[in-house]
Amino acid sequence: MQSALTQRLRIPNFYLLAAIGAILTVAGTLAAFYMEHHGHQVTGMNNQVFWGLPHVFAIFLIVGASGVLNVASIGTVFGKKVYKPRGPLSGLLAITMLAAGLFVIMLDLGRADRLIVAMTHVNWTSVFGWNMVLYPVFFGLVGLYVWLLLDRKMYAYSKAAGTAAFIWRLVMTTGTGSIFGFVVARQAYHSAVIAPMFIIMSFAWGLAMFLLFQTAMYKWQGTQLNEEIRLRLNNLLGTFVAAVAYFVVVYHLTNIYYAKQTAFEHFILVSGGIYPQLFWVGFVVVGTLLPLLFVFVPALRNTPSSSILASIFTILGGLAFLYVFIIGGQAYPLEIFPGMEVKSSFFDGVVDPYTPSLPEILLSIGGFGLYFLLSLLAVHVLPFMPQDDIAQLQASGALHD
Amino acid sequence: MSEDRIENKSRRSFVGAAAVAGIGVAALAPGLKLIEVAGAAQRAPGEPASSAVRWGMLIDTSKCASGCDACVKACALENGINETVTDARQGSQWIRKIDLKDPKTGQEHSLPMLCQHCEHPPCVDVCPTGASMKRADGIVLVDRHICIGCRYCMMACPYKARSLVHMPLTEQNPLVPRGQGCVEACTFCVHRVDRGQQPACVEACPEKAMLFGNLNDPNSEIAQRIAKEKTTQVRADLKLNLGVRYQGI
Ligand code: SF4
Ligand code: SF4
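Residue numbers (this note's numbering), protein chains in the order written: chain A, 1053 to 1453; chain B, 432 to 680.
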């Protein structure tokens, strides 16, 4: 298996694909400079909705980065043979997704030039502050893990590194979830369910990103993934998508259960315009029902493109969920005087409109561009793509274990 | 980074100058501005803020007139909030007037809402860099030199008391440095308080609806009124022990 891993990927049209990734990344960077120069007045954000579209994309990438490592963990930590050859690619994508997520979130800061300040002044009571440790250690552990997987002489140590990375990423996503879960002030966020919900979302979104990238690379290379392996990975995606749906139901039910939250829930699920639409159409139909159909309905699951479609729908659903969660959560007025009708010059008591502006859209998409570019460059120069020894897997019965 | 250091240095000298100006005021007009503020609260130059003092404000909503925004105007003038915004939602508001109506009783109130200078401020807890901080005397401030503009404090503040500066600023008030991309909030006019004066809003209120003083000093007017009269903390359920108390809601 190890010798097979040393083959690197030949991608036709590599330069064209790299150029697409680079153009998106540069466009995102230029958009960020434009925002930095003119201030956030050129965005759709304001003093009520102050985390906008870039946060949606950044958090998707950061959460997904932890989940995409799942594929490697299942191979190394839980010993599933089919997943083992996928370890290096899974580790690579974890690094590139996190880097891309941080690219977006850092460039969206009001003072993006103060990156050094962010790294040198850490407030330990802040979950955000912990990230100054959580992210670099994640990069370090996953980098080490990928090296141990790729270096035949060091392979024996990969299990220890893989286990450490597995635990670390659970901590990291708990941290990301807690950024919201600890916010006592807002109706949308203060809930203990959010951290586990983010963990399970990371599994689904990360696997979808993995499958999409893997399938695309295979396609461009003119090879195809073994059908049994493809179906197995698809089933796992279906299971994660269903688990996400379960957590989202629990999150909303617990909110409805607390009487003071019912008005907020009505807004998000029924009366809030774009937010209920995105929730029901984007998250429920596109992000949950469609992937489940493509994974579990026999007529659909056996078409080779079912993996790609299920993954794309899961990703779109994830973005829709985060849009509703992050932006809808801010658009709904903060309840400063519960039970009272309020009016003020600062838009108290009214739902805040938000429309992302072009620079925000470019920066957000730029994050995906950077993720794609980095991943593509890496698989071009190093043997990250999984090579399956089907005969051996079949002989050992590993295809079905 | 080096730019930040220079800024920091100039800020220190600015604080020093402000303190010297403070003695100036005290020397020129002894007792004039210091009557309200307990003697112990006046800081000597270079002396750090002391936890013997807890600055607070008591707002009597029964005196506060709907439609009056004298405090808001005074705040803007004092703190140099003078930029023109095309989208009002992107403008800074350190203090705003809120009109309340109880739908059950029909009772109406009008009140100024500002940073509540929480004893346990969520904004300070969540700030990743420590830019949001609470001084020993209870005043919650943002250090504009290390604020990275992440807006997490805005997410955490239960009172919508903070604003991000959305645009380049010109014509600043040198006593109150502000900056594009940084978050800011009411400072209780710390630059005035440190030289023994009252916050601008308190001074400007034509109805004398706002009272400022040292909550820790049992002889101060504010402490005595809070001891005797019924006061409310907004969203008291969050148990943040606010520096701003209201009467009449
Ligand atoms: S009111 Fe808001 S900004 Fe002021 S101290 Fe409390 S949490 Fe911080
Ligand atoms: S915006 Fe500034 S003050 Fe607020 S949490 Fe971020 S760094 Fe701290």
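Hints listed in this document are in silico derivations from the structure and should not be mistaken for laboratory results. Treat the hints with care, since some could be wrong.
Said to hold, decoys possible - With a straight-line cut-off of 27 angstroms between C-alpha atoms, the simulated DSSO-like cross-links for lysine-lysine are:
#1 Lys-532(B) to Lys-1395(A)
#2 Lys-1133(A) to Lys-661(B)
#3 Lys-1211(A) to Lys-535(B)
#4 Lys-494(B) to Lys-1395(A)
#5 Lys-532(B) to Lys-639(B)
#6 Lys-1132(A) to Lys-1205(A)
#7 Lys-661(B) to Lys-1395(A)
#8 Lys-661(B) to Lys-639(B)
#9 Lys-1395(A) to Lys-659(B)
#10 Lys-565(B) to Lys-532(B)
Claimed, not checked - Computed, partial: chain B to chain A, Cβ under 7 angstroms:
#11 Arg-609
#12 Gly-612
#13 Gln-629
Just so it is clear, the structure is predicted and the values come from calculations on it, not from any experiment. Glycine is no exception: its CB is placed at the ideal position from the N, C-alpha and C atoms.
- Item | Hint check against the structure, violated hint numbers in rising order | Of the numbered hints, 2, 3, 9, 10, 11, 13 do not hold.
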